[in-house]
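If you read the protein sequences in the order shown, they are chains X and E. So for the first sequence, numbering that gives the first Met the number 0 puts the first residue at 0; every next one is plus one. So for the second sequence, numbering that gives the first Met the number 0 puts the first residue at 0; every next one is plus one.
These are computed hints drawn from the structure, not numbers from a lab. This structure is a prediction, so every number in the text was calculated from the model and none was measured. Check the hints yourself; a few may be wrong.
Mimicking DSSO-like on lysine-lysine, the simulated pairs with C-alpha atoms at most 27 Å apart in a straight line are [claimed, not checked]:
(1) X:K183 / X:K146
(2) E:K618 / E:K607
(3) E:K195 / E:K207
(4) X:K9 / X:K183
(5) E:K607 / E:K567
(6) E:K195 / X:K320
(7) E:K284 / X:K320
(8) E:K284 / X:K46
(9) E:K118 / E:K105
(10) X:K320 / E:K199
(11) E:K563 / E:K607
(12) X:K8 / X:K46
(13) E:K105 / E:K602
(14) X:K187 / X:K44
(15) X:K183 / X:K10
(16) X:K46 / X:K9
(17) X:K319 / E:K199
(18) E:K105 / X:K319
(19) X:K319 / E:K195
(20) X:K247 / X:K10
(21) E:K567 / E:K618
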Amino acid sequence: MSATLPVYKKKDFQSDQDVRWCPGCGDYAILSAVQAVFPELGIPKEKFVVVSGIGCSSRFPYYMNTFGFHGIHGRAPAIATGIKITRPDLEVWVATGDGDSLSIGGNHTIHLLRRNVGIKVLLFNNRIYGLTKGQYSPTSELGKRSKSTPYGSLDRPFNPLSLALGVEATFVARSVDIFQPHLKGVLKRAAAHGGSAFIEVLQNCNIFNDGAWERLTDKGLRDENTISLEHGQPLVFGKNRDKGIRRKGLELEVVTLGDGVSEDDLVIHDEHNPNPAYAFLLSRMDAQPGFPTPIGILRSVDAPRYELEIAEQINRVTEKKGPGELATLLHGGDTWEVK
Amino acid sequence: MTTTSDAPPRPREVLEAAVIRFAGDSGDGMQITGNQFTNTAALFGNDLATFPDYPAEIRAPAGTLPGVSGFQIHFGAREINTPGDTVDALIAMNPAALKVNLSDLKPNGILIVNVDNFKETDIRKAQMESNPLEDHSLDGYRLFPVELTTLTRAALRDVGLDTRSMDRCKNFLALGMCYWLFNREPDATERWLDEKFRAKPVLAEANKLALKAGFAYCAATEAFQVRYEVPPARLAPGLYRNLSGNTALAMGFVAAAQKSGRPLFQGSYPITPASDILHELSALKQYGVVTFQAEDEIAAICAAVGAAFAGSLAITTTSGPGMALKGETLGLATMVELPLVVVNVQRGGPSTGLPTKTEQADLLQALYGRNSEAPVPVLAPASPGDCFWVALEASRIALKYMLPVIVLSDGYLANGAEPWRIPDLDELGEIPVRLRTEAEGFEPYDRDPETLARPWALPGTPGLEHRVGGLEKQDGSGDVSYDPLNHERMVGLRAAKVEAVGADVPDAVPVGDPDGDLLVVGWGSTFGAITAALRPVRQAGHRVGHVHLRYLNPLPRNLGEVLKRYKKILIPELNRGQLAWVLRAKYLVDTVSYCKVQGKPFKHAELKARMEEVLAVEKER
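All chains should be built: construct the whole structure from the sequences, respecting the hints.
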């Protein structure tokens with residue numbers, strides 16, 4: 000029997016449900032990119048499961064014509080873990096937001112990544128609570144004025160990538176909703192990664208936090224303020240590609256190419272660096288003035304996959320003890336006969 | 000074991016039943032000692048019930064009152080329903096253990112104490128004024144002061160252990176004494192020691208020597224003037240083993256998985272007194288069991304819901320505080336209509352409460368503890384062995400009706416043990432599971448007309464791609480729906496589904512008199528105490544019945560009619576009257592509650608007294 004996969008088109012992954020995000024929402028672009036990438040992965044459609052929590056982004060599963068689970072606030076990583084570790088054959092993706100995955104669900108997010116369960120986490124980061132209409136989120140900038148912080152937020156924000164790298168996530172990447180080719184490239188790489196993949200997608204909420212990422216998305220500013228990471232390539236950025244990132248002790252510095260500074264002096268990106276400290280350094284650099292925001296794949300390393308380890312352990316014990324017989328279990332321990 | 004002795008053979012006294020309690024420091028091995036005596040009594044053929052009672056602190060300071068750990072066993076030649084109200088023989092390893100436990104020792108009861116631990120500092124640590132061995136406060140008991148530590152060291156002199164390791168064997172010396180006293184063979188314990196210390200044979204040898212020394216001490220000295228015999232009980236024929244509630248639950252779920260053909264998944268987070276279920280199942284990998292120790296209680300149940308979506312028989316196991324955390328996800332499971340079994344091994348509460356003590360105060364939480372209208376079936380096992388059957392039944396209901404089911408065990412059942420007749424596999428019944436595979440005409444919220452269950456359509460099945468979630472769904476299509484009338488219909492359907500389970504709930508059949516003066520209604524772990532108390536009351540000529548509810552939701556369909564056959568209804572509960580509240584609301588009947596919230600099970604004497612009191616009032620009217 001030949002098991003040839005049907006040739007899927009984008010529309011095969013579009014459900015019959017009306018998409019109900021606000022017009023102009025960045026979520027549309029992310030949905031479109033995912034629907035464009037899934038048909039190309041060579042995976043049967045029925046093997047996909049999209050899991051979400053609560054929030055605007057978490058409506059995602061309803062719009063995907065795959066198996067889907069719209070969970071409860073913050074818990075998508077835990078639900079997805081239950082699916083993946085009992086059914087490693089399934090291709091499990093989580094769609095979540097900055098409030099969902101970093102506030103109420105922060106615990107589940109870090110533990111999913113720590114275990115390296117083979118689940119892809121798409122974090123839609125718009126730095127605001129949209130569905131509850133405009134409260135500040137754990138990624139909102141310090142001083143953010145929002146419905147619940149009329150005098151400015153006093154909370155220091157999370158950097159989602161630093162958080163993921165802090166728990167040694169094996170695949171950590173960032174893209175932007177409107178950078179469609181880039182986003183699709185990152186999604187494909189995430190799909191190909193065996194373990195946990197954590198992808199932060201910078202996403203615009205044009206209703207409650209419009210322009211949150213303007214510094215990175217504005218055509219005039221984009222090249223100066225972002226740096227696209229390419230494995231094996233020097234860290235170069237700028238409209239004229241005349242600036243680069245150089246190591247200075249345990250820090251990074253921005254240098255201008257020329258005047259004795261060449262690409263050979265720059266950091267050569269190594270996404271396979273086993274030490275997460277390298278990617279961590281990248282994730283932190285735009286906290287300093289003058290530095291660009293990195294996009295692309297910060298880290299991609301191999302590590303044992305949790306769901307496969309579980310299956311392997313079961314196989315090992317079963318091989319050693321033989322398949323469990325119910326009668327043996329019931330008769331375990333000392334027994335005695337009453338006549 | 001053969002022991003030579005110059006002492007004359009002692010007369011033997013035959014007892015119908017006896018209660019022994021081992022009490023000492025948390026580090027004295029009292030639970031192991033108790034379990035060994037239990038196992039030996041079980042193998043001998045006694046019926047029995049046990050009550051391990053230990054502190055929440057792992058090792059409170061040695062010799063202090065909070066550090067006292069106890070293990071009580073009631074074994075007999077007749078049916079044994081409870082661990083016993085009062086104790087025939089108390090083994091106290093130190094003054095603190097004596098002080099905490101003495102009030103339960105019968106007048107003239109046997110009291111064995113380790114005199115080596117009755118020095119002035121030990122007595123002070125137990126907050127006692129004077130040495131009870133000298134101040135005549137123990138004159139009402141048969142006191143046997145034994146130098147347990149000294150004797151153990153002497154017995155192990157040539158083994159080559161350090162003093163500390165030798166002293167840790169003294170519980171086996173005490174156990175050896177009890178084996179002599181109750182005329183028991185130590186071979187099962189010796190086998191257990193060989194197995195446990197396979198990697199360290201010297202420890203097996205040392206403990207076996209201590210055990211023999213205790214036996215020989217009694218045989219050689221004339222301290223004990225009599226030996227006791229407790230003949231085997233007349234249990235129903237069959238093959239038996241000793242079983243505790245938590246082990247029974249674990250076995251029940253493995254059985255359910257095999258009978259249903261679905262793999263077993265357990266999501267859990269460590270919590271007393273439920274953790275043993277996780278320990279048991281995590282050791283059963285050869286049965287294909289996937290156990291997941293989650294990052295918290297919420298993740299544990301969420302992972303279980305995910306596993307259920309993906310096709311497992313999914314369970315999550317916890318105790319009250321964890322149950323509180325699982326509430327929202329339980330609502331989700333109700334909404335997505337997936338099979339799930341949630342075990343709550345109840346303990347004293349609220350909040351952290353009394354982690355190692357028993358209580359039945361989570362009934363209303365189980366019935367109502369979720370936002371909005373979210374009914375779920377609730378079952379409660381009546382004895383440690385019954386935990387097996389309830390795990391099986393809860394799984395069957397969850398899979399048949401596609402909904403979450405709660406099992407309410409408690410600390411007393413979890414750690415208590417009883418002889419359990421091992422069933423034949425065909426006694427377990429089948430658990431048929433229908434997986435949807437046909438894409439034609441598939442709707443995720445289509446329903447079986449009888450059970451109202453929606454189809455279980457597993458990811459990976461071509462053509463059945465569908466979405467579930469916590470948002471209200473359109474009946475049939477499963478699309479998100481805000482339609483007011485659809486919502487009302489779905490709320491009704493979810494309730495009707497739980498009601499439909501009632502078709503599988505056997506009618507309530509009172510034990511004792513089918514009508515009369517008094518009906519005692521109980522649930523869960525009070526079964527043994529109520530049974531024991533009822534017997535003398537009925538023998539005294541009263542017309543009394545006992546209904547023990549295994550299904551708390553839905554209740555047996557004939558229960559309302561049964562309640563009306565008696566003049567009075569007495570409801571004993573280890574809470575403030577929660578079942579009474581439910582029955583009064585549902586059936587508009589008057590009830591009398593007997594409540595106890597002390598972290599301890601009922602004593603049958605107090606239940607008997609309460610029954611007599613209610614009957615006397617009834618007679619006066």
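Taking the hints in turn, this is what the structure says about them:
1. X:K183 / X:K146: Answer violated: K183 of chain X to K146 of chain X is near 34 Å, above 27 Å.
2. E:K618 / E:K607: holds, 16 Å
3. E:K195 / E:K207: Holds: K195 of chain E and K207 of chain E sit about 12 Å apart, inside 27 Å.
4. X:K9 / X:K183: holds, 13 Å
5. E:K607 / E:K567: With a Cα-Cα distance of about 15 Å, the restraint between K607 of chain E and K567 of chain E holds, given a limit of 27 Å.
6. E:K195 / X:K320: holds, 19 Å
7. E:K284 / X:K320: holds, 9 Å
8. E:K284 / X:K46: Satisfied, since the Cα-Cα distance of roughly 26 Å is no more than 27 Å.
9. E:K118 / E:K105: Measuring from Cα to Cα gives roughly 26 Å; hence the hint holds.
10. X:K320 / E:K199: Since the Cα atoms of K320 of chain X and K199 of chain E sit roughly 23 Å apart, the hinted pair holds (cutoff 27 Å).
11. E:K563 / E:K607: holds, 22 Å
12. X:K8 / X:K46: Between K8 of chain X and K46 of chain X the Cα gap is close to 16 Å, so the pair holds against 27 Å.
13. E:K105 / E:K602: Roughly 14 Å separates the two Cα atoms, so the pair holds.
14. X:K187 / X:K44: holds, 16 Å
15. X:K183 / X:K10: holds, 16 Å
16. X:K46 / X:K9: holds, 16 Å
17. X:K319 / E:K199: holds, 23 Å
18. E:K105 / X:K319: Roughly 51 Å between the alpha carbons, so the hint for K105 of chain E and K319 of chain X is violated.
19. X:K319 / E:K195: holds, 20 Å
20. X:K247 / X:K10: It is violated: about 50 Å lies between the C-alpha atoms, which goes past 27 Å.
21. E:K567 / E:K618: Distance of about 11 Å is within 27 Å: holds.
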